[in-house]
Structure formats: structure tokens, C-alpha cells
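Below are the chains, spelled out letter by letter.
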Amino acid sequence: MAATVAINEYNGAGETETAGITNTNMGSTDAVNLNPTTYPVVPGENTYEKWQKFEVTAMGGSSAIDNLKVWRTGALGGSAVHVTNAREASYGGAETYAQPIATDSTLATQTMPTSEPTGANLGIGGSLSGALNDVGLSDYLIHQIQTDAGDTAGSTSTMNYQYDETA
Amino acid sequence: MNYTFIDKKTGERASVPLERWVWGVVHKDGTELKQFDDNGFFHQIGEVEQERVKIFTMYQLNNPQKRVDLVVQPGMKLIHKYRNVKPFYSADFIRVYMFGYKLNNQYHYNFILPDDRIVQSPVDNVDLVQFELLRK
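Chains A and B are the protein sequences, given in the same order.
Note that the working numbering numbers the first sequence so that position 147 is 147, with each residue one more than the last.
Numbers in the working numbering are just positions in the second sequence, counted from 1, shifted up by 167.
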């Protein structure tokens with residue numbers, strides 16, 4: 001096999017890990033693979049933060065995983081903003097896990113890109129130029145949607161994740 | 168079919184399934200190195216001695232009609248990677264074969280999509296999500 005890579009999500013005070021998430025739906029509860037219609041966000045409030053990582057569970061003959069990028073397709077409606085700790089400049093390094101919150105995130109403070117970033121915007125080992133040469137994990141990706149009281153409820157998740165693999 | 172990769176540093180072996188598109192090089196002396204060779208072994212791109220290469224080829228092992236040949240010029244730095252994208256419309260990562268070169272500080276990239284379309288670009292950050300990657 002080539003490298004095996006999945007997106008993991010972490011929830012709760014105890015950092016419960018769910019490996020290989022199938023969606024990144026966001027809502028008014030701290031839960032993985034949530035149903036956003038069951039947990040809608042009241043306009044003016046925020047979603048709970050998402051704490052996620054890339055995980056390499058096998059290299060499968062490849063030598064490096066790097067150039068991690070995350071972005072969303074299309075902007076949100078109204079004045080809602082999708083914020084993140086992912087960024088191409090002034091990267092804050094690897095964050096330490098804290099239970100996801102629904103108040104304004106103090107770590108996810110930059111707007112999520114709406115097109116593919118030029119370079120990596122999520123680090124490995126605290127650095128955007130980091131690489132995984134064996135099984136391991138990326139830094140935490142933290143993101144949150146912050147809405148405005150005038151916004152209309154309802155949004156489709158359009159998050160994209162990408163990595164390069166040197167084989 | 169699976170091929171065997173032997174890590175030259177550790178001696179560890181890994182089983183590597185055949186990729187849909189693979190690379191091969193023809194050296195200036197006529198010898199060849201194939202990513203998935205005729206003896207059942209898998210080779211990493213780092214094994215290619217670029218200064219010896221005359222032609223770099225991307226091809227489908229099971230369909231010789233599908234191939235792209237790149238004539239290598241002096242000073243050309245070859246690029247080959249797998250770009251793995253998990254677009255918002257897919258639950259899984261989708262593999263795109265990326266190859267190209269750097270010459271005189273200029274880049275040329277090719278991206279082979281899952282339906283074998285080839286996207287060319289002078290920049291690395293092509294937003295592949297827009298190309299309907301689930302199309303086959």
C-alpha cells in the first residue's frame with residue numbers, strides 16, 4: 001500500500017479520539033460526525049470548535065508526507081466567518097489540546113482560506129515545513145464558525161484537506 | 168499485484184500495490200529504472216540519479232497507450248509526488264499523480280486526475296477540488 005492517512009477528530013474534556021472521520025459537520029454540540037440539523041447554531045452564536053489532526057498510520061513504501069493544506073470551498077453566507085489556527089504566515093506552532101468551546105475561539109483567529117493556499121498552512125511538529133517520515137500525527141487543526149444575529153441558519157460543510165506524498 | 172519495497176536504511180520490507188500511473192526513467196546510457204520494476208520490486212523517486220536521466224515517463228503499466236514522456240534537459244530538476252486531496256464532496260482522500268520539473272527557476276507541473284485528464288500549470292497550488300475528482 002501507499003501511505004495510509006486519515007483525519008482524526010478529538011472531543012470532550014478527555015480528548016476522545018475518533019480516527020478516520022467521514023465528515024466535519026459543525027454545530028451546537030461538541031461531537032464527531034454530528035448531524036447539523038439536530039444541533040443547529042442559533043444565529044449570533046458559534047459552533048463548537050473542531051480539533052482535528054492528519055494521522056499517518058502506515059508509510060507503505062513512501063518516504064515523506066508533507067505540505068498539509070486545509071481550506072473551504074466558497075464563503076459562508078451573511079456575515080458568518082469560518083476561523084482557524086491554520087495559516088501560511090505567523091504560524092502559531094503546535095497547540096496543546098483544550099476541550100472544544102463554543103465561545104469565540106482564542107486559537108482559531110484567522111479566516112479559513114476559500115481557495116487552496118499557496119503553501120502549507122498546517123504544521124507538523126510545530127513547523128509548516130515539517131514532514132512525517134514514519135507513522136505520526138500533524139499539529140492540531142482548530143476551526144470554528146462564528147455567526148451573526150442577522151444570519152440565516154443553514155450551511156453545508158465544504159472543508160477540503162490535502163497532503164503531498166513522496167514515494 | 169503487489170511489489171516489494173526494501174528500505175535500504177533499515178532493511179525492512181513493505182508490500183506496495185501497483186499504482187494506476189507509474190514512473191520510469193531511461194538513462195543516457197540506455198539503461199532503465201522503473202518505479203515498479205520487472206522483478207517485482209518498488210523503487211522510490213529518491214533512487215533516481217537525475218543527472219543520468221534522458222527521458223522521464225509517466226505511464227500505465229497495463230495500458231501502454233497511456234503515457235507521457237518528458238525529455239530531460241541539462242539542469243532540469245524532476246518532480247514527482249502523489250497529491251492526495253479530500254474534497255468536501257468526498258469522504259475519502261483521492262490521489263492525483265503530480266509530476267513536472269524545475270528549469271531556470273521556472274516550474275512546470277502536470278496533474279493526472281482520476282479520470283486521466285491532465286492539468287498543466289506553472290504553479291504548484293492548483294485547486295484540484297474544482298475538477299470533479301470523483302469523475303472516472
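One or more of the hints may lead you astray.
[To be verified] Here are the simulated lysine to any residue pairs, SDA-like style, with alpha carbons at most 25 angstroms apart: (1) Lys176(B) to Thr22(A); (2) Lys244(B) to Gly136(A); (3) Lys233(B) to Ala131(A); (4) Lys201(B) to Thr166(A); (5) Lys201(B) to Ala58(A); (6) Lys303(B) to Arg284(B); (7) Lys269(B) to Thr166(A); (8) Lys303(B) to Thr22(A); (9) Lys244(B) to Gly130(A); (10) Lys176(B) to Ser157(A); (11) Lys176(B) to Ser115(A); (12) Lys201(B) to Asn133(A); (13) Lys269(B) to Gly130(A); (14) Lys201(B) to Gly136(A); (15) Lys303(B) to Val32(A); (16) Lys303(B) to Gly92(A); (17) Lys233(B) to Gly197(B); (18) Lys269(B) to Ala58(A); (19) Lys175(B) to Thr166(A); (20) Lys175(B) to Thr22(A); (21) Lys269(B) to Asp164(A); (22) Lys201(B) to Phe255(B); (23) Lys201(B) to Thr106(A); (24) Lys244(B) to Asn133(A); (25) Lys201(B) to Gly178(B); (26) Lys244(B) to Thr73(A); (27) Lys176(B) to Arg284(B); (28) Lys303(B) to Asp134(A); (29) Lys175(B) to Phe208(B); (30) Lys201(B) to Asp134(A); (31) Lys176(B) to Thr73(A); (32) Lys303(B) to Thr73(A); (33) Lys244(B) to Ser157(A); (34) Lys244(B) to Ala2(A); (35) Lys233(B) to Pro184(B); (36) Lys175(B) to Gly136(A).
In case anyone wonders, no lab produced these hints; they're calculated from the structure.
Since this is a predicted model, take the numbers as computed values, not measurements.
Hints and how they fare:
1. Lys176(B) to Thr22(A): violated, 36 angstroms
2. Lys244(B) to Gly136(A): violated, 29 angstroms
3. Lys233(B) to Ala131(A): violated, 32 angstroms
4. Lys201(B) to Thr166(A): holds, 16 angstroms
5. Lys201(B) to Ala58(A): holds, 23 angstroms
6. Lys303(B) to Arg284(B): Since the Cα atoms of Lys303(B) and Arg284(B) sit roughly 10 angstroms apart, the hinted pair holds (cutoff 25 angstroms).
7. Lys269(B) to Thr166(A): holds, 17 angstroms
8. Lys303(B) to Thr22(A): holds, 21 angstroms
9. Lys244(B) to Gly130(A): Answer holds: Lys244(B) to Gly130(A) is near 22 angstroms, not above 25 angstroms.
10. Lys176(B) to Ser157(A): Since the Cα atoms of Lys176(B) and Ser157(A) sit roughly 43 angstroms apart, the hinted pair is violated (cutoff 25 angstroms).
11. Lys176(B) to Ser115(A): violated, 39 angstroms
12. Lys201(B) to Asn133(A): holds, 23 angstroms
13. Lys269(B) to Gly130(A): Judged against 25 angstroms, a Cα distance of about 22 angstroms means the pair holds.
14. Lys201(B) to Gly136(A): violated, 29 angstroms
15. Lys303(B) to Val32(A): violated, 30 angstroms
16. Lys303(B) to Gly92(A): Violated, because 40 angstroms separates the two Cα atoms, which is more than 25 angstroms.
17. Lys233(B) to Gly197(B): holds, 22 angstroms
18. Lys269(B) to Ala58(A): violated, 30 angstroms
19. Lys175(B) to Thr166(A): holds, 16 angstroms
20. Lys175(B) to Thr22(A): Between Lys175(B) and Thr22(A) the Cα gap is close to 36 angstroms, so the pair fails against 25 angstroms, i.e. violated.
21. Lys269(B) to Asp164(A): Holds, at about 17 angstroms.
22. Lys201(B) to Phe255(B): Since the Cα atoms of Lys201(B) and Phe255(B) sit roughly 34 angstroms apart, the hinted pair is violated (cutoff 25 angstroms).
23. Lys201(B) to Thr106(A): violated, 50 angstroms
24. Lys244(B) to Asn133(A): Distance of about 22 angstroms is within 25 angstroms: holds.
25. Lys201(B) to Gly178(B): OK: Lys201(B) and Gly178(B) at ~20 angstroms, within 25 angstroms.
26. Lys244(B) to Thr73(A): Answer violated: Lys244(B) to Thr73(A) is near 33 angstroms, above 25 angstroms.
27. Lys176(B) to Arg284(B): violated, 37 angstroms
28. Lys303(B) to Asp134(A): violated, 31 angstroms
29. Lys175(B) to Phe208(B): Judged against 25 angstroms, a Cα distance of about 13 angstroms means the pair holds.
30. Lys201(B) to Asp134(A): It holds: about 24 angstroms lies between the C-alpha atoms, which stays within 25 angstroms.
31. Lys176(B) to Thr73(A): The given pair, whose Cα atoms are some 42 angstroms apart, is violated under the 25 angstroms limit.
32. Lys303(B) to Thr73(A): holds, 22 angstroms
33. Lys244(B) to Ser157(A): violated, 39 angstroms
34. Lys244(B) to Ala2(A): holds, 24 angstroms
35. Lys233(B) to Pro184(B): holds, 19 angstroms
36. Lys175(B) to Gly136(A): Holds, because 21 angstroms separates the two Cα atoms, which is no more than 25 angstroms.
Checked against the numbered hints listed earlier, the structure breaks hints 1, 2, 3, 10, 11, 14, 15, 16, 18, 20, 22, 23, 26, 27, 28, 31 and 33; every other hint is satisfied.
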